[in-house]
Each structure stands twice: as structure tokens, then as C-alpha cells.
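S.K.: In order, the protein sequences belong to chains A and B.
Note that our numbering gives residue 209 to position 48 of the first sequence, counting from 1, and the numbers run on in steps of one.
Note that our numbering gives residue 79 to position 2 of the second sequence, counting from 1, and the numbers run on in steps of one.
Since the hints were derived computationally from the structure, they do not count as laboratory data.
There could be a bad hint or two in this list.
Unchecked claim - With the C-beta cut set under 8 Å, the calculated list includes, among others, these residues of chain B facing chain A:
#1 LYS83
#2 ALA90
#3 VAL97
#4 LEU207
#5 GLN209
#6 GLU212
#7 GLU221
#8 TYR225
#9 PHE353
#10 PRO356
Said to hold, decoys possible - Computed beta-carbon distance windows for the label pairs:
#11 B/VAL100 - A/ILE384: 23 to 31 Å
#12 B/VAL425 - A/THR395: 32 to 40 Å
#13 B/THR362 - A/LEU255: 33 to 41 Å
Unchecked claim - On the chain A side, residues computed to face chain B include the following (Cβ under 10 Å):
#14 ALA219
#15 TYR280
#16 ALA411
#17 ALA432
C-beta atoms are modelled at their ideal positions from N, C-alpha and C, and glycine is treated no differently.
This is what each chain is made of:
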Amino acid sequence: MSLSETTPRAQGDLEQRRARRSVGFGFFLSELGLLFRRRRTWAMLGALAAVPILIAVAIRLTDGGDGRGPAFLDRITQNGLFVAMTALVVSIPLFLPLTVGVVAGDSIAGEASASTLRYLLVAPVGRIRLLLVKFAAAAVFCLAATVTVSLAGILIGVALFPVGPVTLLSGDTVSVAESLGRSLLIAVYVTVGLLGLSAIGLFISTLTDAPVGAMAATVVLSIVAQVLGQLSQTEWLHPWLFSYHWLDFADLLRQPIEWSSFGENALLQLAYVAVFGALAYARFSTKDILS
Amino acid sequence: MAATAKWQRWVPAVAVPAVVAVVVTGGAFAAGASADLPEKTAQQVLELAAQADVQTFSGTVEQTADLGLPDLSSVPGGSSSGASGGSSDGSGSGDASTDSTVSAALELLTGSHSARVYADGPTKARVQVLDQLAERDAIRNGSELWLYDSSDNTVVHSSIPADAGSGDGDGAGAPEASGTVQTPAELAQGFLDAVDPSTDVSLGADTEVAGRSAYDLVLTPRGSETLVGSVSIAVDSETGLPLSVEVLARGASTPAFSVAFSSLSLDTPSADLFDFTPPEGAAVTEKALPTDAGDGSGDHAAAPQGADAHPEPVVTGEGWNTIVALPVGADSADLTSSPLIAQLLTPVDGGQVLQTALVSVLLTDDGRVLAGAVPAEALQSAAAGQ
Chain A
162 MSLSETTPRA
172 QGDLEQRRAR
182 RSVGFGFFLS
192 ELGLLFRRRR
202 TWAMLGALAA
212 VPILIAVAIR
222 LTDGGDGRGP
232 AFLDRITQNG
242 LFVAMTALVV
252 SIPLFLPLTV
262 GVVAGDSIAG
272 EASASTLRYL
282 LVAPVGRIRL
292 LLVKFAAAAV
302 FCLAATVTVS
312 LAGILIGVAL
322 FPVGPVTLLS
332 GDTVSVAESL
342 GRSLLIAVYV
352 TVGLLGLSAI
362 GLFISTLTDA
372 PVGAMAATVV
382 LSIVAQVLGQ
392 LSQTEWLHPW
402 LFSYHWLDFA
412 DLLRQPIEWS
422 SFGENALLQL
432 AYVAVFGALA
442 YARFSTKDIL
452 S
Chain B
78 MAATAKWQRW
88 VPAVAVPAVV
98 AVVVTGGAFA
108 AGASADLPEK
118 TAQQVLELAA
128 QADVQTFSGT
138 VEQTADLGLP
148 DLSSVPGGSS
158 SGASGGSSDG
168 SGSGDASTDS
178 TVSAALELLT
188 GSHSARVYAD
198 GPTKARVQVL
208 DQLAERDAIR
218 NGSELWLYDS
228 SDNTVVHSSI
238 PADAGSGDGD
248 GAGAPEASGT
258 VQTPAELAQG
268 FLDAVDPSTD
278 VSLGADTEVA
288 GRSAYDLVLT
298 PRGSETLVGS
308 VSIAVDSETG
318 LPLSVEVLAR
328 GASTPAFSVA
338 FSSLSLDTPS
348 ADLFDFTPPE
358 GAAVTEKALP
368 TDAGDGSGDH
378 AAAPQGADAH
388 PEPVVTGEGW
398 NTIVALPVGA
408 DSADLTSSPL
418 IAQLLTPVDG
428 GQVLQTALVS
438 VLLTDDGRVL
448 AGAVPAEALQ
458 SAAAGQ
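Bound-form chain A, shown alone:
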């Protein structure tokens, strides 16, 4: 994962980052800068944007479907704004967790493997703030990833299909402006839903110096959680899985909006962030940093 940019440039970044670290917020900004200057980040966002584009082009070329496929797919030909919803339904199980797992899993282990971690931690203030900043950066990436899918879906939908008032799940119709507002809410919902996974990835990332291992473990966990969520034998466990509310974003497409799942999702993710944040702190603050 450490492509050519890490070693030579990391030293330069390091100088900047150590200078700004005392400011705190500056450290966060420089971390964001590092994240969004990486080609890998843009490649992942590009791949996510390709999901709605592929869906829209495929529907456009085949002129609708036969009623099969993911939810909302058959609505696309009537209203292009549904491309974003369909793309989210498709991306949530795998693509979004995959990219979030890469960013979160890489957060600490990536620095360790690039031998920049110990330089970052030379100053006496460090480990807690480093964890917080890494988590905040991962959260910003969650938002960027979700907004990318939504925005690409809306744009390609507008380009290829007629756009008009949107029919909600309840059968009521809302204006284009309100539906865009709801799309934004959905992006926020999905972002919040991915925070628990980000915290898990951050914790796993403190366990190892091999970023690939941490990324893979995070992605595998997200798949395991979803498989457990499908089995009726583990029904008692379902409400405690971080993936439990992922597809409930559709509650924002009802009339009136059903807010309860938004709150439950936020509470669940908060619990995951608290638990795995504490674990990450314990592990990272007691770790011998050798690289």
C-alpha cells in the first residue's frame, strides 16, 4: 500500500505536521490533506462514483428491467433521482465498507509500516490526539464516500433520465427540492452508520504494523456482521450488529419521515465508537512503537 509517495514525501509532510500539531485543528487539516492527496483515495472515490454510473447506463441501454434487482431499480426509468438510491442500496453491503475499511485499517498501521509513526509520536502530547485525528479523518472519508455515490447518482440520473417530483415509499409525492434534501439526509445517515466500522478499523489498525492485514480484517468483519444479520439462528444478535440499521435509510423516504431508526442507528454507532475507541486507546497507548 505504501506507494512511491510515502517515503520521500512523508518526511516533508512530517515536518509540516509536527509544526502544526500544537494547533490541533491544524493537525487534523494536514491529516485530511494527506488523505485526500493520496491517489488511492481518489481511486476509491472514483470506483464508488462508477457504481451509479454503471447502473444508470445499463438501465438506459436495456430500457428498464423485468422487476428484479435491487430496490428502487424499476423506478429509475421514471425518475432519474432514484439512481442515487439504487446505487446506495448496491454500495452499502460491500463497496462502502470496503473503502472505509481501507482508510480506517490503514490509519495507524500505515504510519507504522511507513516508519513515520515514531516521528509523529516524539512530542509528549500525542497518542490520544493522533487516534482522534485519525478517526476524524476516517469519518470525513465516510461522508465523502457516501456523498460521492449520492452525487454521482443524482448527476447521472439527471443526465440520462427524466426528473420530476419523487414518489416516496408511502406513495406520497414530494418536490425535487425536498427529495434532494432527503438525499442529503440519507448521506448523513449512511455516514453515521459507517462510523462504528471506522472505529473497529482504527482498533484493528493499532494491533498490527501490516496495513493490509488491518484493512482485510476490517472488511471481513463487516461481511461477517452482515452474514450473521441474515441468519435467523442468530436473531437475538441482530440488533447489536453494527450493520443492523444500514439499509434502514429508507425510513427517510417515508411520509412522514420515520426518525426512530436515525436515532437508534446513531446510538448503536456511538456505542461501537465508544467501545472500540477505548480499546484502541488502551492498545495504542501501551504499545511499544518500534517503527
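With chain A fixed as given, assemble chain B onto it according to the hints.
M.R.: Relative to the frame of chain A, chain B by itself:
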């Protein structure tokens, strides 16, 4: 920092999960906390429930069924999304539509469902069954009745005759249609109407449902023949509105079927909730209601009907042991030919049995359907006796 012992840094890692666990279990205990209500006898609570006159409310209803039926979401055509797939790729043949109707009805009897219910007077009501990524709506506004299914974007429209529906006084004026969830009030009314000397009525500990304090009315069948162990109804202490109904099978400790409000507001719901215009692009079907079954209460006995209408059921036994027998003739072959139904049936002497934790249904070989909250053997002997 360096002086801090290593083990101390693990304190939050232990403490935070512990705090989360305490908050979670504490929340569960708080929900079950009993309220302090004025003393009432069981009879007084029965009267309170009978006098309930809540016409206007909105709330969320949670329904859980554990009747011992297989999980139909794994059966093709069983889940709601699967059902839509089945009806749209089938070329409209009668079998396919029967199958999807039956599976939609059965699907409501398995697993958990949640629905939002809005009512404003006896003639304005809306029920929204909240499925994952989909929704089924039933809206009644005056004489208009709309059914909307978002998974296949279909609308069914009916007009209710002006005189029908004035009978459902108790705020349970929700549009009744196959494929919607019943409110606790509707379900409880059925049980309360049936309270007779064969039922022992007692009061459990005061409870709290949907944030409202409630009396817990427990109906226990006196006989030992029925499959029903007890029915517990939470009656709102203020209005008498039934807030939850739990039906336990005999000998079971967890409910086989429960319907409860998870939130309830007695404010008038917004009027535009009852205004329904079919969305653009939806397939609208007009459907005439059977003239006398407008309120759908299932009370067919009083109906003088033509030859092709519902035949009159034969009722034997009384109280909890009631068995209803219905000659269905050719329809029964239709039913058993559906692979979904066939999967649920067990062949027995003289027919096939659908056995759930609370209800048994016997389809006899000579085209009768017998049903009751009794063991299958009782149905068989009833079938033989007729």
C-alpha cells in the same frame, strides 16, 4: 504520562464496555418498570376497556409472531420483495396471484413487523406497514379506500358505501385489508368481546407500554382443551385503549403472538396524511368491495348471499374451544396446490393439517376447512362428527 502504569491505560477499555452494558440493560429495566396506578378490580378494568373511546391517535405498532411457522423470508415468493418479484414476472395467471396474496398474508404471521397507524375519527385512517426498503399502505379517507404497495408500485382503489364503517366506533376504524397489521385495539376487542364464563379474568402487575401506564388484564381459558395458555392485554389507565396484546400458548413462557404500541400520541394527525393521490406511473386497479363486507370484520354469518359468495360456516364448541368449519369445495385444491402452502401442511388421517402454536387448521380431503385454537386431534374428531 510515562509514570502511568500500563494497566491503568486499559481501564477505559474495560470501563467503557461496562458503561455501555449498564446503559443498555438499565434501559431495558426502565422500560419494564411498573407504574403506580389506583387500585382497580379486573371487572373495573374490563369496563374501562369497554368504554374506551379513542377516535384520534397516531402511533407505531410492533408485531411479533412466533407461531412455529417456518421463516417465509427464505422461501421464494415468501418475503414481501419476493412476492413482488413473483407477481411481476408471472404473466398474471391466477395461481401466481393467489400465491402472492397468500404468501403476503402468511408473511405477516411470521417474524416481526412494524407499522405506523394514524386515525382521525371513524372514517379517516392510515396504516403503513414498514418493510425494509419498501412499504405497504392502506388509507381510508371518508368513502375512499386506497391500498398502495411500494415494492411493485401498485394501487388498489375501492369506494366504501356510505353506510358501512359507521359500526367501527372504537377508533379501530383503520382500513382493514389483507396485508396490514392489526392495532392492539382491534385485536384486543376481539378477545374482550369473547370474554365469557369459560374465561378467568385477573389483573397482573401494572405495566408501562409506549410510555403510558397501563393495567395488565390477563384472560386465562378455564378449559384445558385449547392451545391458548393466556392472553394479556395492557389497558391504558387513562383512556382504556388497549396498548398491547400478548397471546401465550399453553405451557409457553414467551408470547407466540404479540402486538404492542411502541409509541402513541393522542394528538390529531396531520390531515394531508389521509389525502392520497396515486403516484405517477403506478398501476391503479379499481376493485369493488363486497357490498356487505365493507368493514371486513369477518362476520360472514349474518350475510344472506348468493351461491357463489362465501358459504355459511358451521360453528361447533363454545368459548375457547370453538371450531369453525367452512366448506370451500374446489378452493381447497387451489390452496393445497400452492407450493408455499403445501410446505406448511402435514398430512394426517382424513386431510392435511396446518399446525401453529396457537391455531390449528385442518383441510379435509372432502373439501372442508376446520380451524380453531385447539389441537389438531380435536379438529379431526369434529370433522368426523359432522
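S.K.: Each hint: holds or not?
M.R.: Structure-based check of each hint:
1. At a threshold of 8 Å, the smallest CB-CB gap from B/LYS83 to chain A is about 5 Å, leaving the interface hint in force.
2. For the restraint placing B/ALA90 at the interface with chain A, the shortest Cβ-Cβ distance is roughly 4 Å, inside the 8 Å limit, so the hint holds.
3. Look at B/VAL97: its Cβ gets to within about 5 Å of chain A, closer than 8 Å, so that hint holds up.
4. At its closest, the beta carbon of B/LEU207 sits 7 Å from a beta carbon of chain A; the interface hint therefore holds under the 8 Å criterion.
5. Because the smallest distance between the Cβ of B/GLN209 and any Cβ of chain A comes to about 6 Å, under 8 Å, the interface hint for this residue holds.
6. The criterion of a C-beta within 8 Å of any C-beta in chain A is met by B/GLU212, whose closest approach is roughly 4 Å, and the hint holds.
7. At about 13 Å, the closest approach between the beta carbon of B/GLU221 and any beta carbon in chain A exceeds 8 Å, and the interface hint on this residue is violated.
8. Taken as an interface hint, B/TYR225 checks out: its beta carbon lies about 4 Å from the nearest beta carbon of chain A, inside 8 Å.
9. Below 8 Å, beta-carbon pairs count as interface contacts, and B/PHE353 has one with chain A at about 6 Å; its hint therefore holds.
10. Hint status for B/PRO356 relative to chain A: holds, with the closest Cβ pair at about 4 Å, below 8 Å.
11. The supplied range of 23 to 31 Å is met by B/VAL100 and A/ILE384, whose beta-carbon atoms lie about 28 Å from each other.
12. Range check, B/VAL425 to A/THR395: Cβ separation about 34 Å, and the 32 to 40 Å hint holds.
13. B/THR362 and A/LEU255 have their C-beta atoms about 38 Å apart, which keeps the hinted 33 to 41 Å range intact.
14. The interface hint given for A/ALA219 is violated, since its Cβ lies 19 Å from the closest Cβ of chain B, which is over the 10 Å cut-off.
15. A least Cβ separation of about 18 Å between A/TYR280 and chain B goes past the 10 Å threshold, and the interface hint is therefore violated.
16. This hint holds: A/ALA411 has a C-beta 5 Å from the nearest C-beta of chain B, less than the 10 Å allowed.
17. Satisfaction of the interface hint for A/ALA432 is found here, the shortest Cβ-Cβ separation to chain B being roughly 5 Å, below the 10 Å cut-off.
Against the hints set out earlier in the document, violations occur for numbers 7, 14 and 15.
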